[in-house]
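Starting from two chains that each stand alone, build the complex the way the hints lay out.
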Amino acid sequence: MLSTDNDILKAAEDWRKNGRAVALATVVETWGSAPRPVGSNLVIDQDGNFLGSVSGGCVEGAVVTEALDVIESGKPKMLEFGVADETAWKVGLSCGGTIRVFVEKVE
Amino acid sequence: MKLDILAALNAEREARRAAIVVTDVESGRQRLVKSADIAKDPLRPQLAEHLRTSKSGMEATAEGKVFLTVYVPAPQLVIIGAVHISQALAPIGKLVGYDVTIVDPRTAFASPERFPDVKVIAQWPDQALPPLNVDRYTAFVALTHDPKIDDPALLHALARDCFYIGALGSRKTHARRVERLKAQGVSDAAIARIAAPIGLDIGAVSPAEIAVAIMAQITERLREEVDAEPAPIKAAS
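Order-wise, the sequence lines are chains A and B. For the first sequence, this note's numbering assigns the number 82 to the initial residue and increments by one for each residue that follows. For the second sequence, this note's numbering assigns the number 501 to the initial residue and increments by one for each residue that follows.
Here chain B stands alone, though its shape is the one from the complex (with noise of 0.2 angstroms):
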């Protein structure tokens, strides 16, 4: 791989893009596409199956035979709620993989003593999320059982098409959470998305366990989806 090609496709990761790499395998030679271009490029239909599935593989093609590497952007895992279960799933989360970000506009939980080493964001969330860019590389947690914080951090997740969306509480609080939405307008298809209770069930009980239970989700969420094109389900807002 030329230096050049590597450099620019770091580029591509650093940014949060996703990018291919076109590599003829009997001559070595390759080439980079960026995300953006894969519309112009002739191997198109290839590459935006590729993408689409997140999945690398070997393609017969005019060009002869290519090894199209995918490379899509780390996924992210975005907790709201800078609790005791934060504090287990974000270590989890980063050693799983994902960039992990806190957001809790409450001062008191979102300190760097209960947080070591995690970037936490004491905002409320309609400042703090933008920023994220929050998308479908995107896993999306809400922990602070109060509707004030957690509510227009769910509007914003279900908007942006996050490939898991978890809330914690009760059947009972998470009925009253449907009616709140409800009445903000979203669909019932993009409350079903909503992953509550939250976890899987594993029955546990402490919040490290619980924090457990929610990475098993996430990732069966994650691995799951690789072979199915959701439908893009947008919230009203």
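If we strip away everything but chain A, and leave its shape as in the complex, we get (with noise of 0.2 angstroms):
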């Protein structure tokens, strides 16, 4: 089923309430032609399951595996993606733009 914003936020607190290690990743800032607005929202689970988007599912998978590693450490963590970025041939965003992602941990 598709999922609005609301179930998203949603997810997060129950997910956590049910004790699974749990991240947030927000879009906080695009240039050029992004596929998501800023403020968009994607809830990530300790085993890697999500829900949401940042991206047209371009860099949902990057997103995912670095917020592993913020559930593990509980540290922020700033992502950026884009043309110019030096993983761009891995995981850029064919549209063009370029997109920061904070990274949080729910706890």
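Calculated directly from the structure, the hints in this document are not laboratory data. If a hint is listed, it holds; no wrong ones were tucked in.
Once the Cα atoms are required to be at most 30 angstroms apart in a straight line, the calculated DSSO-like pairs of lysine-lysine come out as:
no., chain 1, residue 1, chain 2, residue 2
1, B, K534, A, K158
2, A, K156, B, K565
3, A, K91, B, K619
For the chain B half of the interface with chain A, some residues (derived, Cβ under 7 angstroms), not all of them:
no., residue
4, M501
5, L503
6, L506
7, A507
8, N510
9, V525
10, G528
11, S556
12, G557
13, M558
14, F567
Don't be surprised by glycine CBs; every beta carbon is placed ideally from N, CA and C.
Following this line, the structure appears as structure tokens:
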């Protein structure tokens, strides 16, 4: 089922209350054409389950991987993705934009 | 994010109240500002502006670089008339992310068989509408063609500053409606806010196509309003 912003935040709360380790990713800045607006959320649990999106599916995999680190360390991270990024060949945005994503643990 | 902030945020969203999460992106420190508390917050001007445009964003402040995540209520779609078009419009509205409610006092129309999985209220608008908290995050659509049902509903919507108000009917039907509403004291400016004939002009013919045209027009209105502060227009009541 398609999830709405309400569902995503509710899931973050429910997952945490059920004892799962959870991270929340938020698009905080975009340049050029970006697939999801600033403020978009992605919630991730310790097993890599996720709900929501921060891009059109281009970088979610990488964000989930980084989120697992954040869950482990408890320290928030700022991620940047775009064509200028050195890892662009791997997880860049095909639309040519750049996005910054803030990833934090729900504790 | 602390779990208690997240839970408080979800409670605000549940109650259809706007809230802003302020995050210091260096330290990760965070706080929740409910819309009612913005006036007494140190970041009041920035918070008020972000709430007005419903846009999240980065701000350089005396507190350092902060990210403001703006959470406005999920838009709701109130449909007057449990008619054929509503059978298509309700699921489309739901898919687009709206909380959908249908109001129709005619119980033969407003049956659960015709509207599985949709909130249907089989009451007259004057009873059904006040508890729905029709607000500026509401799209309001009158589809019965019946002045006894549509007119009082439209008066309610105009008084509540809905971001979209549409009414089904030909130009002729709408002209008669305009006369009736004017006789009730509604201003020209308020009447101009009613989209009629309803929906974007895409040549829609079938009920489902008309529903698509309506949803497209609602979306257009929702997104264009972001940068312009609409003048509050109240219907005379």
